[in-house]
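Add chain B to chain H, keeping to what the hints say.
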Amino acid sequence: MRTALITLLSLTVAAPAFAFAGDAPAQEPAKAEPAPAPAAASDDDEDEPTAKPEPKPEPEKPAALGAVDTGPKGTGESQKLVSGAPLYNPNVAVHIVEQKEFEDKWKREVSLFPAVAQVNGKFSNHVGAALGFTWHLQENFGLMAMGLFNYVNVQSGFNNELIDKTRQEAQAATSQLLVGGAFAGVEVTPFYGKFVFYDSYLVHFAVVLSAGAGAGNTRVQLKPANDAGPATYGDTGWRFLAEIGGGFRVQFLKWITLRLELRDLVYAATVSQVAGCNLTDLTAMDEEDRAGRPVTGANVSGSCNVDRFDGFETWNDEDMGNDYKRSRDLALARNLVKDQSSDVLNNLGFYLGVSFVF
Amino acid sequence: MRSISALVLVAFFTAGPAFAAEEEQGALVEKVAVKNRLFNTRGRFELGLNLGFSVLNQLTEHYTGNLNISFNFVETFAIELLAGGSYTRHTSLANQVADNFNKSNVMSSDDLSNLWEMVANGTLGLRWQFLYGKIGGLLQDVLLGNPIHFQFYVAVGGGAGFFKRESVVICNQTSTGRVGGECLQYLTETKASPVVTLALGWRFFLPTIGNNHSLRVEVRDFSYFDSYVENFNRAAALTPGNELGNGTPVSNPGISNLVQVHVGYSYMF
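In order, the protein sequence lines correspond to chains H and B.
Going by numbering that gives the first Met the number 0, the first residue of the first sequence is number 0, and it counts up by one from there.
Going by numbering that gives the first Met the number 0, the first residue of the second sequence is number 0, and it counts up by one from there.
For reference, chain H alone in the conformation it holds in the complex:
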């Protein structure tokens, strides 16, 4: 009895195999004539000429430009159905519903962007890396957060050329540099699609749009690179940061995707203090330095980082001949803060990275 029950269960599980194998031939007699495009395949896709009820043997009109030729005409192969679709019928072009291959709802995604490069660098150059996290609440909507660090954040060659050749440079706020930052927001996926690469590889992708807000740490160049040594910089504090971006998310496997995005980081750039020192602090330290006294003796505010202008910059080498006295930056910093400037900067960057979905 027990054996019989198990046998019955086994046959029930295996039945679909035999049913599916016999499916296509069983339907052949019913499809003696080319059928209209099957409802499951074409009811929500683009329009295409429906199949004629009777094929006209002569005269055979030349195919219209762009028409699809899916195989020899009038053969049994042309009547074959695959999942109910007449793939091999030359009079029918089959189109299917855009179906997402991988679901995203409730999935979490960690994105690593090892290559983040600024593409609109007129007065500045930024190259960095970013780490992002996305929580897909719905198929087309998710929450995202990202941290960014620009390991290269310097003034552009163009700005340096202006300084060298014309003794001019961009205003301090316009050339303010973004050291790094963090922001959080939302991500939506309004468009999705697929493409085929060389008729062989089918790849699904989505267009992603993002927006967020956060904060970024900034600095300005004080001394350009010259005979006295490399360029010197002064920290100018944290700024509010807004982000807006868009790009492509190409999913190769269930758990890995490739992201190519353009993100614009917008922040208000102002130079009202350098290394936490305002104009009064910088003036006091400059007077101490001119009097031959240590700058640490100046009466400054609590936020002022006096050590930034004290001692020597050794450039991490043993050549003491090229050591740079940091107090020489006081005059440069004082001029920047004295002629206060402000601007709204757009740091448009290209983000190339890989994501892990789990």
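Source of the hints: derived by calculation from the structure; they are not laboratory data.
Yeah, the Cβ is synthetic: ideal placement off N, Cα and C, and Gly gets one too.
Some hints could be false.
What the hints assert, rightly or not - Short derived list, chain H residues pointing at chain B, Cβ under 7 Å:
| hint | residue |
| --- | --- |
| 1 | 162 |
| 2 | 190 |
| 3 | 193 |
| 4 | 196 |
| 5 | 295 |
| 6 | 330 |
| 7 | 334 |
Using the frame of chain H, we list chain B on its own:
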């Protein structure tokens, strides 16, 4: 026990192919539906018009119009002829640099790089259209009712261009005849030079009767040799016949890159 195990194994190995076969046929349907393209380009001529603007303007800005004639000799490759002209000018930054330098007391310096403006261009190249796909979602459901078919391509080409250049620091004529006066005429040059172009772009096929129409969006770079002088003297440059101000051409001026965004329309015959 052994008979039960055997029956379970038989069930497993016979049921497994059922699901695998069903998944394979689904993939076949999907693959054939994208592979059998709605829009074929093989053997078709194209005529198009592109309008472009420079992306990152430093001292010059370009607004370009190009005529595009292509022949798709296979589905994924096309020969592309591009010819056009640009409206070019100095940016406000360039004018500001010129004014400030003219008022300064710097007497000798080097001219600035990347000041050549591409006035006209003609290139012949190859376009590789290696991706064909469809976009759905919001576009399909709300905006257009049909998915949008597209191609993604890479194009490379070479040819020649006609260029003009106006310096912002070498002044050949001032209102006072001396350094420091309002500059009336800056050093101006023209030349013809080779040009290399590289582009990445999308072509979106318009779902209209005839399957002839498409829109393009591309980022295109035009690269050409730069040239300028160094160690010029402002006073010497005011001397008639000495427009370079005793300056000497820079030995390695580098290459200028004009990066533009082009939007265009193509008609396929």
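Tested hints:
1. 162: 11 Å, violated
2. 190: Hint holds; residue 190 (chain H) Cβ to chain B Cβ min 4 Å, cut 7 Å.
3. 193: 5 Å, holds
4. 196: Because about 6 Å separates residue 196 (chain H) from the closest Cβ in chain B, which is inside the 7 Å limit, the hint holds.
5. 295: 38 Å, violated
6. 330: This hint is violated: residue 330 (chain H) lies away from chain B, its Cβ roughly 20 Å from the closest one there, beyond 7 Å.
7. 334: Not OK, violated: residue 334 (chain H) not within 7 Å of chain B, min 16 Å.
Violated hints, listed in ascending order, are 1, 5, 6 and 7; each of the other numbered hints is respected by the structure.
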